[in-house]
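Novice: Spelled out from the first residue to the last, the chains are:
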Amino acid sequence: MFGRLSSAVVLGVEARLIDVQCDIGGGLPMFQIVGLPDKEVSESRERIRSAIKNSGFSFPPGRITANLAPADLRKQGVGFDLPIALGILLASGQIPPPAGRTIVVGQLALNGDVQAVRGVLPLALEAGRSRFDGVLVPVANAPEAALVPSLPVFAAATLREAVDAISGTAPRYSRLGEPDGDAAPGRVEHDLAEVRGQMAAKRALEIAAAGEHNLLLVGPPGAGKSMLAHCLPEILPPLSREEALDVTRVYSVAGLLGDEGALVARRPFRSPHHTVSYAGMVGGGHGIPGPGEITLAHHGVLFLDELAEFDRRVLETLRQPLEEESIILSRAGISVRYPASFTLIAAMNPCPCGHLGDEARPCTCTATDIRRHRRHVSGPLLDRIDLFVDVPRLAAEELMDVPAGESTVVVRDRVVQARERQWARAAETGASSNARLRGEGIRAHCRLDAEGGLLLRRAIARFALSGRGHARVLRVARTIADLDGSWDIGAAHLAEALRYRNAASLRET
Amino acid sequence: MDKADLGTAAEELACKHLRQAGYRIVARNWRMRLGEIDIVARDGDVLAFVEVKARSSAGFGGPEGAVGPRKRRRIVAAAKAFLAATDCDLASRFDVVAVEDGDVRIVRDAFQVDDVWATV
Numbered sequence: 001m002f003g004r005l006s007s008a009v010v011l012g013v014e015a016r017l018i019d020v021q022c023d024i025g026g027g028l029p030m031f032q033i034v035g036l037p038d039k040e041v042s043e044s045r046e047r048i049r050s051a052i053k054n055s056g057f058s059f060p061p062g063r064i065t066a067n068l069a070p071a072d073l074r075k076q077g078v079g080f081d082l083p084i085a086l087g088i089l090l091a092s093g094q095i096p097p098p099a100g101r102t103i104v105v106g107q108l109a110l111n112g113d114v115q116a117v118r119g120v121l122p123l124a125l126e127a128g129r130s131r132f133d134g135v136l137v138p139v140a141n142a143p144e145a146a147l148v149p150s151l152p153v154f155a156a157a158t159l160r161e162a163v164d165a166i167s168g169t170a171p172r173y174s175r176l177g178e179p180d181g182d183a184a185p186g187r188v189e190h191d192l193a194e195v196r197g198q199m200a201a202k203r204a205l206e207i208a209a210a211g212e213h214n215l216l217l218v219g220p221p222g223a224g225k226s227m228l229a230h231c232l233p234e235i236l237p238p239l240s241r242e243e244a245l246d247v248t249r250v251y252s253v254a255g256l257l258g259d260e261g262a263l264v265a266r267r268p269f270r271s272p273h274h275t276v277s278y279a280g281m282v283g284g285g286h287g288i289p290g291p292g293e294i295t296l297a298h299h300g301v302l303f304l305d306e307l308a309e310f311d312r313r314v315l316e317t318l319r320q321p322l323e324e325e326s327i328i329l330s331r332a333g334i335s336v337r338y339p340a341s342f343t344l345i346a347a348m349n350p351c352p353c354g355h356l357g358d359e360a361r362p363c364t365c366t367a368t369d370i371r372r373h374r375r376h377v378s379g380p381l382l383d384r385i386d387l388f389v390d391v392p393r394l395a396a397e398e399l400m401d402v403p404a405g406e407s408t409v410v411v412r413d414r415v416v417q418a419r420e421r422q423w424a425r426a427a428e429t430g431a432s433s434n435a436r437l438r439g440e441g442i443r444a445h446c447r448l449d450a451e452g453g454l455l456l457r458r459a460i461a462r463f464a465l466s467g468r469g470h471a472r473v474l475r476v477a478r479t480i481a482d483l484d485g486s487w488d489i490g491a492a493h494l495a496e497a498l499r500y501r502n503a504a505s506l507r508e509t
Numbered sequence: 001m002d003k004a005d006l007g008t009a010a011e012e013l014a015c016k017h018l019r020q021a022g023y024r025i026v027a028r029n030w031r032m033r034l035g036e037i038d039i040v041a042r043d044g045d046v047l048a049f050v051e052v053k054a055r056s057s058a059g060f061g062g063p064e065g066a067v068g069p070r071k072r073r074r075i076v077a078a079a080k081a082f083l084a085a086t087d088c089d090l091a092s093r094f095d096v097v098a099v100e101d102g103d104v105r106i107v108r109d110a111f112q113v114d115d116v117w118a119t120v
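Each protein sequence line maps, in turn, to chains A and B.
According to this note's numbering, the stretch in the first sequence is residues 1 to 509, in order.
According to this note's numbering, the stretch in the second sequence is residues 1 to 120, in order.
Excised from the complex, chain B in its bound form:
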């Protein structure tokens, strides 16, 4: 399995898990010039921007640790554009779904916008 396939498979798995956890999937692989979001979903009254992180083996601090400042900035930029494009005024949250050897974990509120700027 190459890298891209691993990613697609992980996203598929993540969506399944999110639905089971009560999320409603709104959009997938939403892209713009400055960044992209793997999954946009609704968790009750909250709009969740979900980043899927897959690793074929454990180690390196786990997949959620791999969402670095650069990646976060791209996600935040895309989320901003998404809210503007859809004219949505829901409260939002950044979640990370960690996929590791078929094991899936949802990390809610993984980071915030001010964390991103603090690490720049």
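Pulled out of the complex, with its shape left as it was, chain A reads as follows:
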């Protein structure tokens, strides 16, 4: 007596199909699960046994073996409860054969209730791609599964309902609203107009948003660095449908989707505390590694406040994802890839006390203190930051008299226009934004006129710009020209870009 169903395991943000085979044979009564199950999968036996009995079915006598194929892939998670339970009911002839090819996932409670699991969206996407007839998921996960266009979704609250769904006697889950529409951006939460003064920093923020450049804000405590950083996600162009689906997929795997489970409409803003661990930052944990902050910030903003306080090794791990827009986590027998395409915005004090370069309050740090503070973040990470800007303490008149600045909506419109120029070039360069431009793209699209060429030559000599530093200045100049609506980079654009190659307060010691 044999029963068979399809399920899936989620590795990173991709689902791998799993064939769930159940066999009931003669012999002593026992129930085993084979096919490299982790502890929580083995424990599902107790849930399955109770759920079957408490749903009015009988747990068949004899020897029951459930095999999860391919048997060499580690199985983790609680989503196999439901497919194994249905497989046993099929094998013992208590329910009719399935009406179609369906991917089944769900956790069982002892009373037979079907409970939510993680990673349903990747599984539903895989079901759509592999042309399955539908997915059967817990009710709580149905909205995310329904994000996949034209995939029939069946939702079950209990094992009984799951049986009806698999036999084709239950209605499909009906989508709420239009699944193909763009994510609505909604109301602005952190408006740039609320930040007083800081015109230079706001300009840098706009450039960062327009070209996806990484940005470092340097200034004393209370100057508004954190407020500025919180404004960045909403200055960025609204998420496209594809991007929103990517983000939702990450949040589905992380188990962070809200109760409604709908599409994530806002760009993520992640602001890990400076005590964050290596695994918390890049991903990890027991078994199949889970996503870290850099992946939760995918298509959004990663804000590192008090950059100098972070563990240096944690900061070093950011290098690979900043270059490759993804992270590969390797463990014994398992390698998982997570997307990590984010804009980095960091903030730090110029020195431990924070007042270096402040005319009104003297700095109390020793030269050694300052060197140690800087050394923490020097080198390869700073090399990947395109924009450095000072955020000085505001003078009294700036705090009190300056009229409200431009609103986020106004700035975002300019950013979107600048980005549209980059998207138009993307077919040629393969770079979705100026920050992603590489060798050939820079040569083709960051040409300078005679005046600009001369200025750059002088800057290279004067500031001893490295090859990488040189490319950085050109990329930023490209973005400034895009904001200006100009196809050519003028000397003025380049001159502004050169201003952001270091922060004044980081230079003086």
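Hints in this document: simulated from the structure, not taken from any laboratory.
Since the model is a prediction, treat every value here as computed from it, not as a measurement.
Each hint can be trusted.
Cut-off 16 Å, straight-line C-alpha distance, at most; resulting in silico cross-link-like pairs (EDC-like, lysine to aspartate or glutamate):
1. Lys53(A) <-> Asp113(A)
2. Lys80(B) <-> Glu36(B)
3. Lys16(B) <-> Asp103(B)
4. Lys39(A) <-> Asp114(B)
5. Lys53(A) <-> Asp109(B)
6. Lys80(B) <-> Asp114(B)
On the provided structure of chain A, position chain B as indicated by the hints.
Specialist: Below, chain B without anything else, positioned relative to chain A:
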């Protein structure tokens, strides 16, 4: 009545009840070196290994609670030997019949082989 008599009387009563419930008795007091089974019976297509548990009074969680891990291991070992000796390939089940002051209850599928090893 001493302990052994109590046991024999309970088994007699259990057999009567099992027959009434549709079981066919296959063997009684089947013994081997590592363990023993009070009653082997057929319940339809299923072979049931039945442990009879008698108590003269209520309390202590009832008789079925008194089949502890050690006892279960002995029953499982004997059941394994029985299946091997009789070359039987029926699906099987472990039942407990609780006899308490003349009151008889059949507990079907009281435990499974993997429960036994889990409690070791």
